[in-house]
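Assemble the whole structure, with the sequences as input and the hints as a guide.
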Amino acid sequence: MSRNRLRRTSSRWLATAFALGIAAMPCRGVGAADSPRGTVQETADAVVAVLADKSLSTPQRRQKVEDIVYAHFDFETLSRLVLARNWKDLSPTQQQEFVSEFKQHLSMTYGKNVETYNNEKAVVTGDREEARGDWTVKTKIVRPGAEDILVDYRLRKEGNDWRMIDVIIEGVSLVANFRSQFQDIITKDGAARLITLLREKNAKGESLKAPGTGT
Amino acid sequence: MTSVRMRTLLFVIVFVCLVAAGGGAPAVAAEPENHDPIEPFNRAMFWFNEQVDGYVLEPAAKGWRWIMPNRVQRSVSNFFQNLRFPIVTVNDLLQAKLRKSATDVGRFAVNTTVGVLGFFDPASDWGLDQNNEDFGQTLGFWGLPPGPYLVLPFFGPSDPRDAVGLAVDSFSTVYPFFVAIEYTIGARAVDVVNGRAQVIDQIRDIKEASVDYYTAVRNAYRQRRKVLVNDGAEMSEQEQEDLYNVEPNGGEK
Chain Y
398 MSRNRLRRTS
408 SRWLATAFAL
418 GIAAMPCRGV
428 GAADSPRGTV
438 QETADAVVAV
448 LADKSLSTPQ
458 RRQKVEDIVY
468 AHFDFETLSR
478 LVLARNWKDL
488 SPTQQQEFVS
498 EFKQHLSMTY
508 GKNVETYNNE
518 KAVVTGDREE
528 ARGDWTVKTK
538 IVRPGAEDIL
548 VDYRLRKEGN
558 DWRMIDVIIE
568 GVSLVANFRS
578 QFQDIITKDG
588 AARLITLLRE
598 KNAKGESLKA
608 PGTGT
Chain X
7 MTSVRMRTLL
17 FVIVFVCLVA
27 AGGGAPAVAA
37 EPENHDPIEP
47 FNRAMFWFNE
57 QVDGYVLEPA
67 AKGWRWIMPN
77 RVQRSVSNFF
87 QNLRFPIVTV
97 NDLLQAKLRK
107 SATDVGRFAV
117 NTTVGVLGFF
127 DPASDWGLDQ
137 NNEDFGQTLG
147 FWGLPPGPYL
157 VLPFFGPSDP
167 RDAVGLAVDS
177 FSTVYPFFVA
187 IEYTIGARAV
197 DVVNGRAQVI
207 DQIRDIKEAS
217 VDYYTAVRNA
227 YRQRRKVLVN
237 DGAEMSEQEQ
247 EDLYNVEPNG
257 GEK
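Chains as they are written, first to last, in my numbering: chain Y, 398 to 612; chain X, 7 to 259.
Because the hints were derived from the structure by calculation, they are not lab data.
Hints are supplied without guarantee of correctness; some may be wrong.
[Claimed, not checked] Residues of chain Y placed beyond 12 Å of chain X at every Cβ, according to the derived structure:
(1) Glu439
(2) Pro456
(3) Ser488
(4) Ala519
[To be verified] Across the chosen pairs, the derived CB separations fall in these ranges:
(5) X:Gly162 - Y:Glu512: 26 to 32 Å
(6) X:Gly149 - Y:Asn557: 43 to 49 Å
(7) X:Leu123 - Y:Asp486: 57 to 63 Å
(8) Y:Glu439 - X:Val205: 41 to 47 Å
(9) Y:Thr513 - X:Val252: 31 to 37 Å
(10) Y:Gly523 - X:Arg77: 41 to 47 Å
(11) Y:Asp586 - X:Pro43: 17 to 23 Å
(12) X:Pro159 - Y:Asp442: 44 to 50 Å
(13) X:Asp207 - Y:Lys601: 16 to 22 Å
(14) Y:Lys485 - X:Asp131: 50 to 56 Å
(15) Y:Pro489 - X:Glu214: 26 to 32 Å
Computed from a predicted structure; not experimentally measured.
Even glycine gets a Cβ: it sits at the ideal position worked out from N, Cα and C.
Structural data, given as structure tokens:
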């Protein structure tokens, strides 16, 4: 049953990708990763390839996934969006600390999913231009024997690269969700407390490596 | 049985009106996602639900997942999903979504017959995709704002609009009408435990990923319901500006 659906979806996607490839060819002589859609597809493919590679150990897989994700996410913009108006109340040092702790927090909590990979596939289903030149790329995670999960990525162009600045899972924006949590903490206890809280949480869980600073 | 449900419905409506009145803000067009004037009450309810979940539901769900093969769990999900057919279809119609209602009638017909009483879901393979509609969404579709955030005992995150929706929808489920109450309760328990078993990992992840679990759930609920009400429509320019401008200044909020 699910295999049928998967086959149907992937063939539909292949047709779309093919049409898109043809359409894109004459007007832009650029690689796939130069478009928001291409960036997401490339990232998803790379991650799935690592996850499906049985020859790698779990820490190796996690490391590789982390490298791919780090290369395509803009954690500084993500941090600024999440802190919204509170961002400029932080000292430059605090800003750096926050970016690095938040990055590590995300990497730890979502990196754990590497261990529970169960042949899920990511399929790009559409894209559209948004305000301020951003793009949204719509994907779905096709899971064998379970319902699909809709995941949208919002991307922003930096230099020649498209980088992800938000993930929207079944309509729930990560930026909006963390913003609401952090807003409460900052209002009650201040930004310094938030950074400490993140640091404590990060110290408890096991992480792979010290996070880099900035993006 | 009907009178019990009637009384429950009345209770819910009165309770919800009280909350809506207590929360003030009548008929605000766009509710902020964190509108939570009765937060202390909600946090208490949330804590209570967490206890119920932690001591009863989650252990039961883990046991269920351990005993039942994935295929069985999937079939049980399909079965109860199929029974939601009247809720979904009625609310498709109440929102004048005729095509969707046709799809849902078709799904029910296919899955009840070819899908052996709904245990299998051939309809999805034939392109008849499941719609997600309920009376809370219908009220939202016709412009009723959700009102303040409200955590219901046992049912969890909600708002006055969705609480009324929940009560109204309970009238249009299939099984209560022709099955004795004991079986209804039993079936409901299986539905709930099986449903919880499908999200054991996700819930654990969300707990770990959040710095303030209560706020994370509240925000996710409000965002999710909004998207369901407007069927995944794109964000307005203003919403995008609020969410994605790295230099927020004066203008918004």
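Right, here's what the structure says about each hint:
no., hint, verdict
1, Glu439, "23 Å, holds"
2, Pro456, "18 Å, holds"
3, Ser488, "18 Å, holds"
4, Ala519, "17 Å, holds"
5, X:Gly162 - Y:Glu512: 26 to 32 Å, "28 Å, holds"
6, X:Gly149 - Y:Asn557: 43 to 49 Å, "45 Å, holds"
7, X:Leu123 - Y:Asp486: 57 to 63 Å, "59 Å, holds"
8, Y:Glu439 - X:Val205: 41 to 47 Å, "30 Å, violated"
9, Y:Thr513 - X:Val252: 31 to 37 Å, "34 Å, holds"
10, Y:Gly523 - X:Arg77: 41 to 47 Å, "31 Å, violated"
11, Y:Asp586 - X:Pro43: 17 to 23 Å, "21 Å, holds"
12, X:Pro159 - Y:Asp442: 44 to 50 Å, "46 Å, holds"
13, X:Asp207 - Y:Lys601: 16 to 22 Å, "19 Å, holds"
14, Y:Lys485 - X:Asp131: 50 to 56 Å, "52 Å, holds"
15, Y:Pro489 - X:Glu214: 26 to 32 Å, "30 Å, holds"
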